[in-house]
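**Student:** Protein chains in written order, with the working numbering: chain A, 1 to 178; chain B, 1001 to 1175.
Treat the hints with caution; some may be incorrect.
Stated by the list, open to error - Here are the simulated DMTMM-like pairs of lysine to aspartate or glutamate, each with C-alpha atoms no more than 25 Å apart in a straight line: (1) LYS28/A / GLU1144/B; (2) LYS99/A / GLU112/A; (3) LYS1105/B / ASP66/A; (4) LYS10/A / ASP1172/B; (5) LYS28/A / ASP3/A; (6) LYS116/A / GLU96/A; (7) LYS4/A / ASP1172/B; (8) LYS28/A / GLU63/A; (9) LYS170/A / ASP3/A; (10) LYS116/A / ASP54/A; (11) LYS93/A / ASP1172/B; (12) LYS1105/B / GLU63/A; (13) LYS1171/B / GLU96/A.
Claimed, not checked - Residues from chain A that face chain B, not an exhaustive set, calculated with beta carbons under 7 Å: (14) SER15; (15) GLY68; (16) TYR71; (17) ALA151; (18) ALA160.
Hints in this document: simulated from the structure, not taken from any laboratory. Virtual Cβ for every residue (Gly too), placed ideally from N, Cα, C.
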Amino acid sequence: MNDKSIISWKAAGISLGLLLILATALVKPLGVSTQFVVSDAAILHQVAPEFAEDNTYLSKYGEKTDWGIGYGWMLVLGMLVGGAITNMLFGKKRPEADKGSMPPMWKQNFGESRLKRNAAAFGGGVLLLFGARLAGGCTSGHMISGISQLALSSFIFGIATFGAAILMAKFLYRKRRV
Amino acid sequence: MTLLIGFLIGCAFGAILYLGGASSYRRILGTLLLKDMAIIKLMMTAIGVGSLGIYLLDMGGLANMSIKPAYVWGVLVGGIIFGIGWAVSGYCPGTCIVGASEGKKDAVFTILGALTGAFLFSLAFPVLEEWLIKPANFGQVTMESMLGIDGIWIAIPFSAALLFTAFFVLKDNYE
């Protein structure tokens, strides 16, 4: 279970810290969750323009002609491209247990059903973004960037998130000793 | 130009998360079950380095800070909902993007769920704003503004404590 990731946590942590400093110097800190709203707004302005106009939250993040695609959205697009390129270059070096759409650890605890895994992934996703938008950020914007800026709100978010996530993980895996 | 910078920073961000194993279900759940310390050590190191760097930049007036307002109830409740979603899916909004980029179908389902969750939030926003966002909103408060001393003098010991904990204190805990 302890087979290593491709680079160590030290290398990844230091480079992520340096990247955050660079981003803060050039434009603004890292953040992801807002872009899901920007994407929603862009889609809804096409398929249901009246609804999108009337929705006070969505209308803050884009208009019919101006989709609000800026630095933040390009950053998320970059993550998709950067992840894909890195996967092509280094995918073979990745630990076996991290490959594929069905985590072995999940399979051991919850069985073979792909439907179950995908349903959990979907439901988890709903909670992630509902929570992130209520709190005003996610792991990158609140925890990494926000705590680095010593923001009170991000410390509260970090404690609430880790507290709830640890309890939920312990509950989900209560039957087995990992 | 800003768009290109965003794209390139995003590429590097995605690559770091991928290479560091942050898009791995096993590592995230290992972290939340308090067995595998790699991801928490990665985050502490990033915050330690980032905090020091940002407040050094700030001394020169070069930091483009973005402080999130401290509306206590919304942040607390949102954080709890987020945490449950994190444990259930094994991804966060950033790592599901990276997971999808490496072809993981469960990550794609998390993205679809996330788009749905953002949509549901937009429907609930008027009510939640009254209940959880407007009350007890202390604005863009930081440790710097609360303690009334220059941020760098908080960032130095804070960063030292985080790096010390990551490098010397936390150890993996397998039975």
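**Student:** Indicate, hint by hint, whether the structure satisfies it.
**Tutor:** Each hint tested on the structure:
1. LYS28/A / GLU1144/B: holds, 19 Å
2. LYS99/A / GLU112/A: Within the cut-off at roughly 16 Å; holds.
3. LYS1105/B / ASP66/A: Answer violated: LYS1105/B to ASP66/A is near 31 Å, above 25 Å.
4. LYS10/A / ASP1172/B: Holds. LYS10/A to ASP1172/B sits at ~14 Å (cutoff 25 Å).
5. LYS28/A / ASP3/A: violated, 35 Å
6. LYS116/A / GLU96/A: holds, 22 Å
7. LYS4/A / ASP1172/B: Within the cut-off at roughly 12 Å; holds.
8. LYS28/A / GLU63/A: Between LYS28/A and GLU63/A the Cα gap is close to 23 Å, so the pair holds against 25 Å.
9. LYS170/A / ASP3/A: holds, 22 Å
10. LYS116/A / ASP54/A: violated, 36 Å
11. LYS93/A / ASP1172/B: holds, 22 Å
12. LYS1105/B / GLU63/A: violated, 31 Å
13. LYS1171/B / GLU96/A: holds, 23 Å
14. SER15: OK, holds: SER15/A within 7 Å of chain B, min 5 Å.
15. GLY68: It is violated, given that the least Cβ distance between GLY68/A and chain B is near 12 Å, above 7 Å.
16. TYR71: holds, 4 Å
17. ALA151: holds, 5 Å
18. ALA160: Interface hint status for ALA160/A: holds (3 Å vs cutoff 7 Å).
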